[in-house]
Amino acid sequence: MSVRETVESIQLVDNHAHEVRPFSEDLTPERFASYFTEGPESYHARHTIHYRNAIDVLSEYFGVNSEQEVLDRRADVDFEAFSRDLFERANVSHILQDTGTPPDSSPDSFRRYTDAEVSPILRVETEMEPLIEASDDFSTFVSELRDLLVDAVQGPCVGLKSIVAYRTGLNISEPSRAEAATAFDEVKADWTGRIEHPVLLDYTAHLAAEIAGKNDVPIQFHSGFGDADAHPRYVDPGYMWAFMNRHPETDIVLLHASYPYTRTAGYIVSVLENVYLDLGMTIPFVQHGTHGVIRQVLELAPSTKLLYSSDGFYVPEWHYLAAKRIRADLADVLENLIEAGFLREAYAETIARNVLRENARRVYRL
Amino acid sequence: MSVRETVESIQLVDNHAHEVRPFSEDLTPERFASYFTEGPESYHARHTIHYRNAIDVLSEYFGVNSEQEVLDRRADVDFEAFSRDLFERANVSHILQDTGTPPDSSPDSFRRYTDAEVSPILRVETEMEPLIEASDDFSTFVSELRDLLVDAVQGPCVGLKSIVAYRTGLNISEPSRAEAATAFDEVKADWTGRIEHPVLLDYTAHLAAEIAGKNDVPIQFHSGFGDADAHPRYVDPGYMWAFMNRHPETDIVLLHASYPYTRTAGYIVSVLENVYLDLGMTIPFVQHGTHGVIRQVLELAPSTKLLYSSDGFYVPEWHYLAAKRIRADLADVLENLIEAGFLREAYAETIARNVLRENARRVYRL
Amino acid sequence: MSVRETVESIQLVDNHAHEVRPFSEDLTPERFASYFTEGPESYHARHTIHYRNAIDVLSEYFGVNSEQEVLDRRADVDFEAFSRDLFERANVSHILQDTGTPPDSSPDSFRRYTDAEVSPILRVETEMEPLIEASDDFSTFVSELRDLLVDAVQGPCVGLKSIVAYRTGLNISEPSRAEAATAFDEVKADWTGRIEHPVLLDYTAHLAAEIAGKNDVPIQFHSGFGDADAHPRYVDPGYMWAFMNRHPETDIVLLHASYPYTRTAGYIVSVLENVYLDLGMTIPFVQHGTHGVIRQVLELAPSTKLLYSSDGFYVPEWHYLAAKRIRADLADVLENLIEAGFLREAYAETIARNVLRENARRVYRL
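Residue numbers (my numbering), protein chains in the order written: chain A, 1 to 366; chain B, 1001 to 1366; chain C, 2001 to 2366.
Simulated from the structure, these hints should not be mistaken for lab results. Each residue gets a CB set at the ideal place from its N, CA and C atoms; glycine is no exception. Take these hints with a grain of salt, some might be off.
Stated by the list, open to error - Here are the in silico distance ranges between beta carbons for each label pair:
id	chain 1	residue 1	chain 2	residue 2	range
1	B	P1102	A	E196	46 to 52 angstroms
2	B	A1081	C	A2242	42 to 48 angstroms
3	B	P1102	C	T2192	55 to 61 angstroms
4	B	N1274	A	Q11	41 to 47 angstroms
5	B	D1185	C	A2242	54 to 60 angstroms
6	A	P248	B	E1005	56 to 62 angstroms
7	A	E196	C	T2192	55 to 61 angstroms
8	A	I338	C	D2147	53 to 59 angstroms
9	B	N1065	C	L2366	42 to 48 angstroms
10	A	S9	B	R1089	52 to 58 angstroms
11	A	D185	C	D2104	53 to 59 angstroms
12	C	P2198	A	Q11	33 to 39 angstroms
13	A	A178	B	E1129	48 to 54 angstroms
Said to hold, decoys possible - Chain A is nowhere near these chain C residues, computed Cβ spacing over 12 angstroms in every case:
id	residue
14	E2041
15	H2050
16	N2053
17	S2059
18	D2108
19	S2119
20	R2146
21	A2230
22	V2286
23	G2289
24	V2293
25	R2365
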């Protein structure tokens, strides 16, 4: 079997994805395009190479030849069958689901749309917000949050996830319990329903990392690009250096190839034994850049540190396009490295199995 | 018509350039080379690939075969004819001229050297300095500056430009009027002729952005590499995040591909509807890196967000080399993307027209 | 002679390397792999492309076909002969040795293992620590340090080296003598044997740069990636901007291509006449990324600003692999640039001679 055939045949573990949903509104081009960008629904959203490529792939799928025809067909699909078909073509055996968004997500509701195994990952900040609402004092809040996280990781959850990058950034300080208690009081005094206080967010990020480490599950961190909530500087994983060194017993997964800080992330995971790097969202968003992203992470990162995900959200096309893209370009990169004398074929196949499947099984104890 | 033929035939809009001038001094190799670098006139300036390529292109132009012969021929050209010929070969139909430098620039003086249409863009900081000199108090200064900028953008100017990146950096704070007034007094107390006070610069950057937005013209910001005045960290457009979010109604153009923060800039323009990315100076300076820069910006940026410029200054070779380079490499990139299945030919031509001409016409309301 | 033949035949000057040593412990795979990463000895260390390539190269060298056979042969080599053979194959004529590590390094001990000429470079921080120990007050310390550095650079040392990047980062402030004296007292009051006080480190970095400049030798700075001591943000050479501008008379060499801040470093050396960029450790660590690193530095950096080194440490394989990699990929890059019309063959050969040999001879006055 050639390296490409091996890459094509591996059943993927998608270590970070969201559930899919049928459209409940009219499918305008701008609306459809908005699922293929982190930007707003706008004229520009239809003009990325990622969206154009999605239209091309769907044109082939539906046997049509224009954006409008794709939209017409897409609006009329039997959504459950359509979604199951795309996941089957993606050949994903196991999805680790971020249940933090869209609202009311759960493996049960996701399973309507995929035959893959689905395991939940708990998003810390989303869980915190109702507890802040319900708790009169900091001690109660912390105690409830701790119980909730411990129950989750000792129960069905295969990991935790933090979106602190989206709220205040990866420059995570180490507040004392007293400082966090004061922050809690400030938050309660002016509660908006959304936690954005850096001291409380940073304190709970440490708490979550500690619980993850003690219970032998990893914690994921959004890193790199995202929507307008994410500050382009504070999503640099270099800001997490003290945090990552403070929790050597906790496996930390940096999501999204930390794009555009991809080479920095590769350097970090090559130096810190407890840190891993996921490639999701960046692949497939960057399209023709995928080849370069894979090559760049392999410059320093051990192949045992890299993980596949789609970060697929709402539309199953996303999960499908990610799988298709990583297979095509990982095979390309490995073939090129063999041809140029950097790798032998046997080890290239080890890299493929590690990145697409085995590393996730090991890191998440699946 | 092939994609390459389309790219070659499009009349360029150069959204950021300076006027050209005949040499008034001896043309030593070090002096000539200094126009092809942001570094000082030195031994090293002759040793970039950009300068070597310029000599090769000019050798062909003059039909000679050495650096010295190029310099001899160049010293003897009929400068008006030489310049007009290079602009004609560049096939530029419209130049948006930064009149802030060289001194005494204006479309009228530029038009001696090019048949292209020339529209002025006002450099805010250069205009501020005489007003600081002339104003006794902050209220007068602000009122005069406001009048000047409004008159400009309601008159001939198609946009504003800020070089705050060169003075104190893109980490633009949001000072109050009172803070700005205090800063004005400090500046006046020790006036050097050059405005370098961060509070006053940041205050006026906001003022300029507000005026641009209200009058439907964009404001350009130097970003990315430049000469020794520009701090290599504070030219990162990530520092402008709060500023860009504060002026959603103002179109902001990041100049120079924000090199080396190019991928960060691509991410920003993909997320913020009001921000655009120009590719000038980086192209042609990076030469063989042009291909990679174009590919990188197309990873996330919509093709409707990208603009061509030369940033040509003083020597018309610069304007010509920029046009030649972007045409050659944009055609290469698009051909490669079609061949690799990322794009269809029709949309590749749309990208070419957008980047080289149509986006500028739309953004600057030409 | 083709460009490739020229590149292959140039005798290298390795401007930054450490001495080699025979193994004194059992040669497990994890232990051997730890010499090919900046990360810890671990399961992951065996899974970089750099290590896999090293095993492939050594398999060919020993005529065997597995990692275990390589380790068996390697454990049994006549180390002096093995090392001399690798340096001869590397065709290195002159090595500038960082005598700061491993302990008890010196050109004399290095010369047992190589026939190349070896000249010492003094690591400032390593020399400071015994002087802090021995000095009762700041005046004595500074006076002793100054004497030691002046004697070194007026004697056998061809340069100085600072590892301030590893201790507190390249964000070097400019403390007054009084501030440094206070810092010295703080350090003495709680002396650990290791200097980590930013004020004292920054003060002495300026002192060393001043001495280097006055004595016409360069000072090297670790920049870019390194082991877990180096903070991934504060190894960005952009942080050194004020420092580099403060010492225009001192030649400063940024080590390790400042990876991943390589394009930033290229921009810096293109603008500041006194700053140079070394490519060591990044080459060979990034393996298939070498091609891209060389292309990226040549985007802006004059070819007269780039230097070769191995940063080889402990195992002579490192020194050998670095030489092999730069030759193969520099030749590739130059051939590609000629073919694509960016360079003429004669100047490509000048670049090769500059980068591999002549720039080091000029910068270090060899």
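Against the structure, the hints come out as follows:
| no. | hint | verdict |
| --- | --- | --- |
| 1 | B/P1102 / A/E196: 46 to 52 angstroms | 48 angstroms, holds |
| 2 | B/A1081 / C/A2242: 42 to 48 angstroms | 46 angstroms, holds |
| 3 | B/P1102 / C/T2192: 55 to 61 angstroms | 57 angstroms, holds |
| 4 | B/N1274 / A/Q11: 41 to 47 angstroms | 44 angstroms, holds |
| 5 | B/D1185 / C/A2242: 54 to 60 angstroms | 27 angstroms, violated |
| 6 | A/P248 / B/E1005: 56 to 62 angstroms | 59 angstroms, holds |
| 7 | A/E196 / C/T2192: 55 to 61 angstroms | 40 angstroms, violated |
| 8 | A/I338 / C/D2147: 53 to 59 angstroms | 57 angstroms, holds |
| 9 | B/N1065 / C/L2366: 42 to 48 angstroms | 34 angstroms, violated |
| 10 | A/S9 / B/R1089: 52 to 58 angstroms | 54 angstroms, holds |
| 11 | A/D185 / C/D2104: 53 to 59 angstroms | 58 angstroms, holds |
| 12 | C/P2198 / A/Q11: 33 to 39 angstroms | 51 angstroms, violated |
| 13 | A/A178 / B/E1129: 48 to 54 angstroms | 51 angstroms, holds |
| 14 | E2041 | 10 angstroms, violated |
| 15 | H2050 | 8 angstroms, violated |
| 16 | N2053 | 6 angstroms, violated |
| 17 | S2059 | 9 angstroms, violated |
| 18 | D2108 | 33 angstroms, holds |
| 19 | S2119 | 30 angstroms, holds |
| 20 | R2146 | 34 angstroms, holds |
| 21 | A2230 | 8 angstroms, violated |
| 22 | V2286 | 4 angstroms, violated |
| 23 | G2289 | 4 angstroms, violated |
| 24 | V2293 | 9 angstroms, violated |
| 25 | R2365 | 33 angstroms, holds |
Checked against the numbered hints given earlier, this structure breaks hints 5, 7, 9, 12, 14, 15, 16, 17, 21, 22, 23, 24; the rest are met.
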